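With chain W fixed as given, assemble chains B and P onto it according to the hints.
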Amino acid sequence: MAIITVKDITMIFGGLAALTSVDFSLDRGELVGLIGPNGAGKTTIFNVLTGVYMPTSGTIEYQPNEDSPPRNIIGLKPHAISKIGIARTFQNIRLFKNLTVLDNIRIAIHQNVNYGIPSAFFRLPSFYKEEEEILKKTKEILEIFGLDMKKDELARNLPYGEQRKLEIARALATNPKLLLLDEPAAGMNPHETAALTELINWIWKEFDLSILLIEHDMSLVMKICQRIIVLNYGMVIAEGTPEEIRNDPKVIEAYLGGDTLHA
Amino acid sequence: MKLSKNALISTKSNKKLINFLVIIAVYGIVQLLIFLGILGDYYQVTLAMICINIILAVSLNLVTGFTGQFSLGHAGFMAIGAYTCAIITKRYDSPLAFIIGIFAAAILAAIVGVLVGIPTLRLKGDYLAIATLGLAEIIRILILNFDSFTGGARGLGSIPQYTNWTWLYIFTISTIIVIKNFINSSHGRACISIREDEIASESVGINLTRYKVLAFVIGAFFAGIAGALYSSYFYYIKPGLFDFMKSIDILVIVVLGGMGSLTGSILASILLAIISTYLQSFAELRMIIYAILLLLIMIFRPQGLMGTKEFSLSKIFNKKQAPHENSAS
Amino acid sequence: MAEFIQQLINGLSLGSIYALIALGYTMVYGIIKLINFAHGDIYMIGAYVGYICIKYLNLGFFPALIISMITCSLLGIIIEKIAYKPLRNATRIAALITAIAVSLFLEYTTMFIAGATVRTYPQILGNITFKPMEGVIVNIQQIFIFAVTIVLMTVLQFIVHKTKVGKAMRAVSSDKDAAQLMGINTDKVISYTFAIGSALAGAAGILVGIYYNTINPLMGMLPGLKAFVAAVFGGIGIIPGALIGGITIGVIETMVSGYGSSLYKDAVAFAILILVLLIKPSGLLGKNTREKV
Numbered sequence: 001m002a003i004i005t006v007k008d009i010t011m012i013f014g015g016l017a018a019l020t021s022v023d024f025s026l027d028r029g030e031l032v033g034l035i036g037p038n039g040a041g042k043t044t045i046f047n048v049l050t051g052v053y054m055p056t057s058g059t060i061e062y063q064p065n066e067d068s069p070p071r072n073i074i075g076l077k078p079h080a081i082s083k084i085g086i087a088r089t090f091q092n093i094r095l096f097k098n099l100t101v102l103d104n105i106r107i108a109i110h111q112n113v114n115y116g117i118p119s120a121f122f123r124l125p126s127f128y129k130e131e132e133e134i135l136k137k138t139k140e141i142l143e144i145f146g147l148d149m150k151k152d153e154l155a156r157n158l159p160y161g162e163q164r165k166l167e168i169a170r171a172l173a174t175n176p177k178l179l180l181l182d183e184p185a186a187g188m189n190p191h192e193t194a195a196l197t198e199l200i201n202w203i204w205k206e207f208d209l210s211i212l213l214i215e216h217d218m219s220l221v222m223k224i225c226q227r228i229i230v231l232n233y234g235m236v237i238a239e240g241t242p243e244e245i246r247n248d249p250k251v252i253e254a255y256l257g258g259d260t261l262h263a
Numbered sequence: 264m265k266l267s268k269n270a271l272i273s274t275k276s277n278k279k280l281i282n283f284l285v286i287i288a289v290y291g292i293v294q295l296l297i298f299l300g301i302l303g304d305y306y307q308v309t310l311a312m313i314c315i316n317i318i319l320a321v322s323l324n325l326v327t328g329f330t331g332q333f334s335l336g337h338a339g340f341m342a343i344g345a346y347t348c349a350i351i352t353k354r355y356d357s358p359l360a361f362i363i364g365i366f367a368a369a370i371l372a373a374i375v376g377v378l379v380g381i382p383t384l385r386l387k388g389d390y391l392a393i394a395t396l397g398l399a400e401i402i403r404i405l406i407l408n409f410d411s412f413t414g415g416a417r418g419l420g421s422i423p424q425y426t427n428w429t430w431l432y433i434f435t436i437s438t439i440i441v442i443k444n445f446i447n448s449s450h451g452r453a454c455i456s457i458r459e460d461e462i463a464s465e466s467v468g469i470n471l472t473r474y475k476v477l478a479f480v481i482g483a484f485f486a487g488i489a490g491a492l493y494s495s496y497f498y499y500i501k502p503g504l505f506d507f508m509k510s511i512d513i514l515v516i517v518v519l520g521g522m523g524s525l526t527g528s529i530l531a532s533i534l535l536a537i538i539s540t541y542l543q544s545f546a547e548l549r550m551i552i553y554a555i556l557l558l559l560i561m562i563f564r565p566q567g568l569m570g571t572k573e574f575s576l577s578k579i580f581n582k583k584q585a586p587h588e589n590s591a592s
Numbered sequence: 593m594a595e596f597i598q599q600l601i602n603g604l605s606l607g608s609i610y611a612l613i614a615l616g617y618t619m620v621y622g623i624i625k626l627i628n629f630a631h632g633d634i635y636m637i638g639a640y641v642g643y644i645c646i647k648y649l650n651l652g653f654f655p656a657l658i659i660s661m662i663t664c665s666l667l668g669i670i671i672e673k674i675a676y677k678p679l680r681n682a683t684r685i686a687a688l689i690t691a692i693a694v695s696l697f698l699e700y701t702t703m704f705i706a707g708a709t710v711r712t713y714p715q716i717l718g719n720i721t722f723k724p725m726e727g728v729i730v731n732i733q734q735i736f737i738f739a740v741t742i743v744l745m746t747v748l749q750f751i752v753h754k755t756k757v758g759k760a761m762r763a764v765s766s767d768k769d770a771a772q773l774m775g776i777n778t779d780k781v782i783s784y785t786f787a788i789g790s791a792l793a794g795a796a797g798i799l800v801g802i803y804y805n806t807i808n809p810l811m812g813m814l815p816g817l818k819a820f821v822a823a824v825f826g827g828i829g830i831i832p833g834a835l836i837g838g839i840t841i842g843v844i845e846t847m848v849s850g851y852g853s854s855l856y857k858d859a860v861a862f863a864i865l866i867l868v869l870l871i872k873p874s875g876l877l878g879k880n881t882r883e884k885v
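Protein chains in written order, with our numbering: chain W, 1 to 263; chain B, 264 to 592; chain P, 593 to 885.
Hints listed in this document are in silico derivations from the structure and should not be mistaken for laboratory results. The structure presented is a predicted model; accordingly, all values stated were derived computationally and were not measured. For every residue, glycine included, the Cβ atom is placed at its ideal position computed from N, Cα and C. Please note that the accuracy of each hint is not assured.
[As the list claims (entries may be wrong)] Below, computed lysine to any residue pairings styled on SDA-like, alpha-carbon distance capped at 20 Å:
{"no.": "1", "chain 1": "P", "residue 1": "LYS857", "chain 2": "B", "residue 2": "PHE409"}
{"no.": "2", "chain 1": "B", "residue 1": "LYS387", "chain 2": "P", "residue 2": "LYS780"}
{"no.": "3", "chain 1": "B", "residue 1": "LYS275", "chain 2": "W", "residue 2": "GLU132"}
{"no.": "4", "chain 1": "W", "residue 1": "LYS129", "chain 2": "B", "residue 2": "PHE445"}
{"no.": "5", "chain 1": "W", "residue 1": "LYS83", "chain 2": "B", "residue 2": "ILE462"}
{"no.": "6", "chain 1": "B", "residue 1": "LYS572", "chain 2": "W", "residue 2": "THR100"}
{"no.": "7", "chain 1": "B", "residue 1": "LYS443", "chain 2": "W", "residue 2": "LYS83"}
{"no.": "8", "chain 1": "P", "residue 1": "LYS872", "chain 2": "W", "residue 2": "PHE13"}
{"no.": "9", "chain 1": "P", "residue 1": "LYS857", "chain 2": "B", "residue 2": "ASP506"}
{"no.": "10", "chain 1": "W", "residue 1": "LYS97", "chain 2": "B", "residue 2": "ILE462"}
{"no.": "11", "chain 1": "B", "residue 1": "LYS443", "chain 2": "W", "residue 2": "PHE121"}
{"no.": "12", "chain 1": "B", "residue 1": "LYS501", "chain 2": "P", "residue 2": "LEU810"}
{"no.": "13", "chain 1": "P", "residue 1": "LYS857", "chain 2": "B", "residue 2": "ASN408"}
{"no.": "14", "chain 1": "P", "residue 1": "LYS780", "chain 2": "P", "residue 2": "VAL752"}
{"no.": "15", "chain 1": "B", "residue 1": "LYS501", "chain 2": "P", "residue 2": "LEU855"}
{"no.": "16", "chain 1": "B", "residue 1": "LYS443", "chain 2": "W", "residue 2": "ASP103"}
{"no.": "17", "chain 1": "P", "residue 1": "LYS872", "chain 2": "W", "residue 2": "GLY14"}
{"no.": "18", "chain 1": "B", "residue 1": "LYS572", "chain 2": "B", "residue 2": "LEU530"}
{"no.": "19", "chain 1": "W", "residue 1": "LYS129", "chain 2": "B", "residue 2": "ASN447"}
[To be verified] To give an idea of the chain B side of the interface with chain P (calculated C-beta under 10 Å), a few residues:
{"no.": "20", "residue": "THR327"}
{"no.": "21", "residue": "ILE404"}
{"no.": "22", "residue": "ILE562"}
One chain only, chain W, in its complex shape:
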């Protein structure tokens, strides 16, 4: 059932525990929200999941489908993790800013390219054939995100909202089974956030993905997440449906020391 199972992950930075015995799992096809106050360790979890950080202890088991045996992904490099189907976006947008929208997506497709380096040097037939396929796939993805008209623009010249979208598009281009979104709605106005909520919901269903989503915007989280995990001081303090989380006293305490959450 579970696509990913995080077991007892602890991450210590120079004596400071960023994560302490974190346990949670995500079912195949589930859309789960990961929330918590600033500095709770949400992005650290993403970095551990994607191989950017090596946790101090614990295991992460990944099983993209029933037939394959679960495997521990700790110790894999980020590029290897991308290849087995885990893709992510970044809190502080990391696009290839000086490259075109088209190239941003094409680079993400690279891991599925089969033609070799001699073929690139001498433009052998396999080069033309596969480059055409890459272009076709890229255009399909850009169309989904409504970015096809801007394919030749440099990523840094896109408006902020579209940069966020492009980053999600780029993550999708790697053909993931599990998508990690780090604050996709950060810096967006309510109108843009609503559109993004729709979009996430749509790609989730269309691409048959499991999604783990870090987000501060509660309207988004409460609306689309099936389940929510709450983190505070590097520990999971609550887990449940949006309704349960909304009324959990521990969560309310963690956020505002007593204030209620705005949905």
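Chains B and P only, in chain W's frame:
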């Protein structure tokens, strides 16, 4: 874009045809000038230096300009190439040995590139620059010490001279085409993405080590060719020719032309050769003027002549046919 | 044993000179993250200024030392203002090429004015030697090198740790933006850093002149690189690191040419550099940092 698909294809093949014709024409004109004795020895030497510098700069640009890995050791690979080809052709003096020598030079430089690249490319920025500088100096000192093969500090003389305009031109054009093809392929884009953002690049599945080492090795391969051509053209080499000042000379061409612009590297190679020829008459002042020029260029145009843009012949010929694609958006 | 001690003493004198040059690299790198390639040439200029003072102005060692240090620190400030300041926000590579351009400019201007010939340094300290034990000779030049190095290091420690300028320097080096927000005039601090670093290089120049007896316009290139290696070895940006690095490189290099082959002595520094970079890139005393994702 209002062009039909047919029109698009025809502009594409037009472009290829124009490039092809220009490449042949440049070769023919220069060959004719040499044949008629109009292009004297002095200018021929300058021409040879331009070709060799283009090979060096274009290959370093792949490493530093496109992949973003700051190397100050390119002259080390050139030295390996120069000595390999020189030793082979001195032993077996024949045109075939020269060709074998060139490829042996390139392959040996590439192998050393792998050995040097795998450990050092973990380093970043200035640290990588200094490590590559150090390794190139070690290569030079080793050559200096293996004097039974290399002639030590005295150098190697009377190397058979096979490099001529034809060979120089063939290898220069091949280098440019191969590296241009690479950059405009999926593998090349993987390299460029490393320059743009390593973490993002890794997150979309690019194996950083693999592509950094790959760029480095391709760079070393072509630097090896440049070294081989050099030794066979000037028939005398010594370790001092390949010290870190030579690496810096190559880097200066790349930065001056624009990091990430192949045509920039080509233009800068030609421009610097012309400046250097012109400055010959200033003798001692030459290096001072060169230093001041470099300083002024860095202060007023740090992105180089071309930035990351490319200059295209066919674009000039086809100006009317190339409306901008994004006029609608 | 006596030979070993002799080599050690020779190594320590060479190492002290490397350490003095390395300090300039490390301080400048600590503050503006620039490998100041021209630093080796400032040391060369220091040697030439000392030469002029002693040979043509008939000054003694200490006046020559002080004049050379002052000249070099002024030169350092001027170079920073003219060449590096306009590039404060440019790419690293542009800054590095600029530093190389400055280096070429200093080398070839000196060559233009003074000629490319190797000059013999006047023997101002005489030819006094001491024999602290059988088979070991310490000459007066070496004693001066140790004494000057120790005094300058002490003064530097005092400036960096006990004065307001030193505090500002440490602040800028740990976080330039934050220091600026706290009202520190970073431009001024950078000027001071160049001045102090260059003055130490100037002192090293004159010491090398009296120790090796010869100077030439390109003498700064190799010691400059090795001093940089020393700075990286100790942990770039860390002042005691430069001292340890300089001494270590000097001693190892002397040992290699004493017991091994002098042909390999230049390779040793680079081999050490590469080992350090691969094993502990932050250097002996450096701290590992992690990029924030």
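Taking the hints in turn, this is what the structure says about them:
For the given pair, LYS857(P) sits about 15 Å from PHE409(B) by alpha-carbon distance, which is consistent with the 20 Å threshold. With a C-alpha separation of about 30 Å, the suggested pair LYS387(B) and LYS780(P) falls outside the 20 Å cut-off, and the hint is violated. Distance hint between LYS275(B) and GLU132(W) is fulfilled; the C-alpha atoms sit about 15 Å from each other, no more than 20 Å. Of the supplied pair hints, the one linking LYS129(W) and PHE445(B) holds, its CA atoms being roughly 16 Å apart against a limit of 20 Å.
For the hint pairing LYS83(W) with ILE462(B), the CA-to-CA distance comes to about 15 Å; that is within 20 Å, so the pair holds. Restraint check: the Cα-Cα separation between LYS572(B) and THR100(W) comes to about 13 Å, which is no more than 20 Å; the hinted pair holds. A C-alpha spacing of about 28 Å is found between LYS443(B) and LYS83(W), which places the hinted pair above 20 Å, so the restraint is violated. In summary, the hint linking LYS872(P) to PHE13(W) is supported, as the alpha carbons are separated by about 18 Å, within the 20 Å threshold.
A C-alpha spacing of about 16 Å is found between LYS857(P) and ASP506(B), which places the hinted pair at or below 20 Å, so the restraint holds. Distance restraint check for LYS97(W) and ILE462(B): the Cα-Cα separation of roughly 13 Å lies within the 20 Å cut-off, and the hinted pair is therefore satisfied. Straight-line distance between C-alpha atoms of LYS443(B) and PHE121(W) comes to about 8 Å, which keeps the hinted pair within the 20 Å bound. Our distance criterion of 20 Å between C-alpha atoms is met by LYS501(B) and LEU810(P), whose separation comes to about 19 Å.
A threshold of 20 Å between alpha carbons decides the hint, and for LYS857(P) with ASN408(B) the separation of about 11 Å falls inside it, so the pair holds. Note on LYS780(P) and VAL752(P): the hinted pairing holds, with a Cα-Cα distance of about 15 Å set against a maximum of 20 Å. With a CA separation close to 16 Å, the supplied pair LYS501(B) and LEU855(P) stays within the 20 Å bound. A hinted pair counts as satisfied when its Cα atoms are at most 20 Å apart, and LYS443(B) with ASP103(W) qualifies at roughly 16 Å.
Between LYS872(P) and GLY14(W) the alpha-carbon distance is near 17 Å, which keeps this suggested pair within the 20 Å criterion. Of the pairs offered as hints, the one joining LYS572(B) and LEU530(B) holds, with about 12 Å between alpha carbons and a cut-off of 20 Å not exceeded. Between LYS129(W) and ASN447(B) the CA atoms are separated by roughly 14 Å; this keeps the pair inside 20 Å, and the hint holds. A least Cβ separation of about 7 Å between THR327(B) and chain P falls short of the 10 Å threshold, and the interface hint therefore holds.
Residue-level restraint check for ILE404(B) holds (minimum Cβ-Cβ distance to chain P is 4 Å; threshold 10 Å). Taking 10 Å as the C-beta contact cut-off toward chain P, the hint placing ILE562(B) at the interface holds, the least distance being around 5 Å.
Figure legend: structure checked against the earlier numbered hints; hints not met, in rising order: 2, 7.
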